[in-house]
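**Q** Based on the sequences and whatever the hints tell you, model everything.
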Amino acid sequence: MSKIKQKDLILYSGLIIFGLAAPYLFSAFKVQLTYLCVLIVLAMTWNLQGGEMGYNTFGNILFYGLGMYLTASVQVGMFFPLAEWTESGGEKTFVHTTAQYFQGIGVGLLVSAIVPAVVAGAIGYAILGLRGHYFAICTLGLGIAAGEIAGGIEIIGAGQGFTTPPFPAEIVDTEARGKFFYFLSFALLISTFVFVKYIYGSRFKLILNAIRDNEDKAEAMGIQTMKYKITGWMCSAFFCGLAGGIMGGLIGYIDSTDVAFDGREMGVFMVLMAILGGKGTLWGPVIGATLFHLFKEGLWTLILGWQYVALGVLIVVIVIYFPEGLMGWLREKYPERFGEVIDEKDRKAQVELK
Amino acid sequence: MDFLIFKAPMLMVQASLDGILLGILFALIAYGMALQWGVMNIINIAQGDLVILGGYIAYTMYLVGIHPAWGVIVSPIIMYFVGVLLYKLVINKVVDRDLFISILATFGIAIVFQQLMNFIFGADVVVAQSEYGTTMLFDNSVTLPNSKIFSACISVLYAVALVIYMKKSRLGRAIRATAQNARAAKILGVDTEKVYAATFGINAALCGIAGALISITLTLHPYVGLPYTVRSFMIVIVAGLGNLPAVALSGMGLGLFEEFADYILGTEFRIGAVFMLLVFILVYRRFKLSKKREYLK
Numbered sequence: 001m002s003k004i005k006q007k008d009l010i011l012y013s014g015l016i017i018f019g020l021a022a023p024y025l026f027s028a029f030k031v032q033l034t035y036l037c038v039l040i041v042l043a044m045t046w047n048l049q050g051g052e053m054g055y056n057t058f059g060n061i062l063f064y065g066l067g068m069y070l071t072a073s074v075q076v077g078m079f080f081p082l083a084e085w086t087e088s089g090g091e092k093t094f095v096h097t098t099a100q101y102f103q104g105i106g107v108g109l110l111v112s113a114i115v116p117a118v119v120a121g122a123i124g125y126a127i128l129g130l131r132g133h134y135f136a137i138c139t140l141g142l143g144i145a146a147g148e149i150a151g152g153i154e155i156i157g158a159g160q161g162f163t164t165p166p167f168p169a170e171i172v173d174t175e176a177r178g179k180f181f182y183f184l185s186f187a188l189l190i191s192t193f194v195f196v197k198y199i200y201g202s203r204f205k206l207i208l209n210a211i212r213d214n215e216d217k218a219e220a221m222g223i224q225t226m227k228y229k230i231t232g233w234m235c236s237a238f239f240c241g242l243a244g245g246i247m248g249g250l251i252g253y254i255d256s257t258d259v260a261f262d263g264r265e266m267g268v269f270m271v272l273m274a275i276l277g278g279k280g281t282l283w284g285p286v287i288g289a290t291l292f293h294l295f296k297e298g299l300w301t302l303i304l305g306w307q308y309v310a311l312g313v314l315i316v317v318i319v320i321y322f323p324e325g326l327m328g329w330l331r332e333k334y335p336e337r338f339g340e341v342i343d344e345k346d347r348k349a350q351v352e353l354k
Numbered sequence: 355m356d357f358l359i360f361k362a363p364m365l366m367v368q369a370s371l372d373g374i375l376l377g378i379l380f381a382l383i384a385y386g387m388a389l390q391w392g393v394m395n396i397i398n399i400a401q402g403d404l405v406i407l408g409g410y411i412a413y414t415m416y417l418v419g420i421h422p423a424w425g426v427i428v429s430p431i432i433m434y435f436v437g438v439l440l441y442k443l444v445i446n447k448v449v450d451r452d453l454f455i456s457i458l459a460t461f462g463i464a465i466v467f468q469q470l471m472n473f474i475f476g477a478d479v480v481v482a483q484s485e486y487g488t489t490m491l492f493d494n495s496v497t498l499p500n501s502k503i504f505s506a507c508i509s510v511l512y513a514v515a516l517v518i519y520m521k522k523s524r525l526g527r528a529i530r531a532t533a534q535n536a537r538a539a540k541i542l543g544v545d546t547e548k549v550y551a552a553t554f555g556i557n558a559a560l561c562g563i564a565g566a567l568i569s570i571t572l573t574l575h576p577y578v579g580l581p582y583t584v585r586s587f588m589i590v591i592v593a594g595l596g597n598l599p600a601v602a603l604s605g606m607g608l609g610l611f612e613e614f615a616d617y618i619l620g621t622e623f624r625i626g627a628v629f630m631l632l633v634f635i636l637v638y639r640r641f642k643l644s645k646k647r648e649y650l651k
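As given, the protein sequences belong to chains A and B, one line each in that order. Residues 1 to 354 in this note's numbering are what the first sequence lists, from first letter to last. Residues 355 to 651 in this note's numbering are what the second sequence lists, from first letter to last.
Honestly, the hints are just simulated from the structure, not real lab data. One or more hints might be untrue.
If you anchor each label on the Cβ, the simulated ranges turn out as follows [as the list claims (entries may be wrong)]:
id	chain 1	residue 1	chain 2	residue 2	range
1	A	Pro81	B	Thr573	56 to 66 Å
2	B	Gly476	A	Leu291	58 to 68 Å
3	B	Lys645	A	Gln307	46 to 56 Å
4	A	Arg203	B	Phe634	34 to 44 Å
5	B	Ile420	A	Asp216	48 to 58 Å
6	A	Asp216	B	Val479	18 to 28 Å
7	B	Leu542	A	Asp216	45 to 55 Å
Idealized CB from N, CA, C, for every residue including glycine.
**A** Shown next as structure tokens:
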């Protein structure tokens, strides 16, 4: 047992050291690395929802977009009138000082973590009562409706978008902005991973799995499923909001349907990444997100213009041929590595039955 | 309330007529969705994109110089084969699987369709001019484009034809038998694989008709497919599977809701209102159903 633990320790410390050194080693790819961290966070939180709880959602983009708008709004609204900022060219008249910028983004991220979680709790009772595909379609509608509605609200820039505060000009180091956002997202990634790993060792995960496997039976066993479903969704929303807040600052510009409530890209990406890596596993989403990001960045420029066609085909292929994902495939192939014992007689009997 | 629509009763008449005519068109798309949902148990997110593709077929005819109204005959024929091809390539692999798999797979198809249409037809909003003129009612205070009346008539015509076909023809009977019990139908000699392909083809053909009508009454754009999917999904949930009068009625209801939302909330919130209505309907349905599950409490 202790041997495995030691192995884990080496793995984790190696990854952390790599993560800390990455912006210096690959300093040209800082933005890409930041993206990767955020994508992993989104995939992991989606996995908590879709993989563990069995509630396949397209709606986590709602919390992501909400977090994005909230961080930017708080960051601006703390020091300047928000309405004047979002008017065309308003961001040029007001300038954040260094202290204001960091104060703003700190408070903004705090708000963008708490409010989406509260929203998830508030709508959870109504939405999480839906089952299966009704839940999927409902959350899809929710995400798109949020985008359409945000595109009509004047104070956050409506259709013309919202420019987030630029990085303070007083900091001369040109690398500082990239490093700041990278370490912010890396910290988020680590805290998400620790949190999800903690859940994986807890009773909570077993309850979520019970809900996934048979909700009625779980209820009959005396589990208050609704309570746990809402808690699970709130956890997802918390980290999605933070990820959105960081992304908003990194991109520097928020559009209602193309950046924030981007159901067509980000909303599908998170589902795809989790499925690619393997639903319901700790490492699946991490591997899936990394592979997906590599694939995306590697191929996107080669097949310029055709990337969405490739994305659509990729979705179809993954969903039809690898619904269990990479980890599921590995598990099938090397079950001993996953600590599963196979009764050879039983397996043969099952094959014969088929 | 100082909304314009409540001050001018004629605007109300206008919105109601527009909504009902539009709703009939939605009902046609929803009928296709109900058909494939009932028979094959899949939810097709690409439904709206099939509609838009059908519209672009009519639009291409318009560009070539043929009157776009002929699209209501040409478009379903082409779309039938597109549907069958799509079934052979992808859909046959998701029929017996989890519904979420079909949702995601058709989501992927929808993205491919959108992008291909974007390449071929460009990202501009287009409309095929039917030049049918307009009808003025009530002292010229209500204007009704004749193309809308035409589209409603064609929709009703096709829907009635399809109902008769489903009742009388051999294939129609096979489709209904498969919907009731696929396994039993198979035992009795129905080639369910063929029935599924035909069902998906008929659904695509219905989308083609609706698309051709949309190309002359509304506007086309490669990325507006999803609202049509959601509308048809909503209508099917409210009306239930295989209940045609209810589909027609709830289609009209949705059309009315949209037109009034357009006037009251403003055009920028129109699509948002449709998606919010979907959420409300699902949540309402959930609370209504949970009353029946008393052991939950």
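**Q** Please go over all the hints and tell whether each is borne out by the structure.
**A** Verification of the hints:
| no. | hint | result |
| --- | --- | --- |
| 1 | A:Pro81 with B:Thr573: 56 to 66 Å | 38 Å, violated |
| 2 | B:Gly476 with A:Leu291: 58 to 68 Å | 34 Å, violated |
| 3 | B:Lys645 with A:Gln307: 46 to 56 Å | 47 Å, holds |
| 4 | A:Arg203 with B:Phe634: 34 to 44 Å | 35 Å, holds |
| 5 | B:Ile420 with A:Asp216: 48 to 58 Å | 57 Å, holds |
| 6 | A:Asp216 with B:Val479: 18 to 28 Å | 48 Å, violated |
| 7 | B:Leu542 with A:Asp216: 45 to 55 Å | 34 Å, violated |
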